[in-house]
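Input sequences plus hints: build the corresponding full structure.
Residue numbers (our numbering), protein chains in the order written: chain A, 237 to 341; chain B, 237 to 341.
Please keep in mind that the hints were generated in silico from the structure rather than gathered at the bench. Computed from a predicted model, the values in this text were never measured in an experiment. Ideal placement from N, C-alpha and C gives every residue a C-beta, glycine not left out. Errors might be hidden in some of the hints.
As the list claims (entries may be wrong) - Selected chain A positions facing chain B (in silico; Cβ < 10 Å): (1) PHE241; (2) PRO306; (3) PRO308; (4) GLU311; (5) ARG324; (6) ALA326.
Protein chains: 2
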Amino acid sequence: MDAIFKALADPTRRKLLDRLFRKQGQTLTELIDGLDMRRQSATKHLAVLEEAQLVTCQWHGREKLHYLNPVPIAEINRRWLDKFSGDRAAAILNLRDALQENDNE
Amino acid sequence: MDAIFKALADPTRRKLLDRLFRKQGQTLTELIDGLDMRRQSATKHLAVLEEAQLVTCQWHGREKLHYLNPVPIAEINRRWLDKFSGDRAAAILNLRDALQENDNE
DNA sequence: TTGACATGCAGCTAAATTGCTGCATAATGA
DNA sequence: TCATTATGCAGCAATTTAGCTGCATGTCAA
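Have a look at this one:
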């Protein structure tokens, strides 16, 4: 549990998750393409995400393919959102979207 | 956004959220009752949670009452869970619950 | 008014974290 | 075989963070 939140605490790791969310099964070099960061840094970040089981990996020859695992994310909701407050929060977010106030990050 | 994840990264802050989830509207001294921590530390933690808007406060005389705000939590799901993977993850978690494997934290 | 209580604010130290450089390993393809 | 490519591992400097102590502020109640 602690590993999940620690992993999500860093903006670079969240950006890597965003990239995996858009396209699964990317290699390390593919993931950092266009990012202002050395390969070795990303390796450390991906190791953190992997340990938290937010990212699952699969070797193909010398290539390591990365996949986003949705389960840990789903666990977060269940901890602090009961059905009623969860529905209310979702409604608020839908309203916010409708008002175009989607200024993320 | 960054503030939310940074706030959730610390186990002490998550414990404070757990306590607020169980009982809303607690004061500072009520919140730290039974915890092995000085009052001043908890003040800093609550300030972090407050800045991330995970906790909302309300003054009543000299007492500061704390409330859990579910909206930022709901935002996390929307970022990395599309409808299909979210449903699948929820199903996995329900299955896990049914198998009694709820060893949190 | 005055003592007790709830809380805030400043500053210190120890520990953790980030991103880097440098080098090693292993697989692919000409 | 051998150069190239994909990745891992070790270690370093700078920054951030957690929890503490000490003191200040403001409210309540006798």
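These are the hints, each one checked on the structure:
no., hint, in the structure
1, PHE241, "holds, 5 Å"
2, PRO306, "holds, 4 Å"
3, PRO308, "holds, 8 Å"
4, GLU311, "holds, 6 Å"
5, ARG324, "holds, 7 Å"
6, ALA326, "holds, 6 Å"
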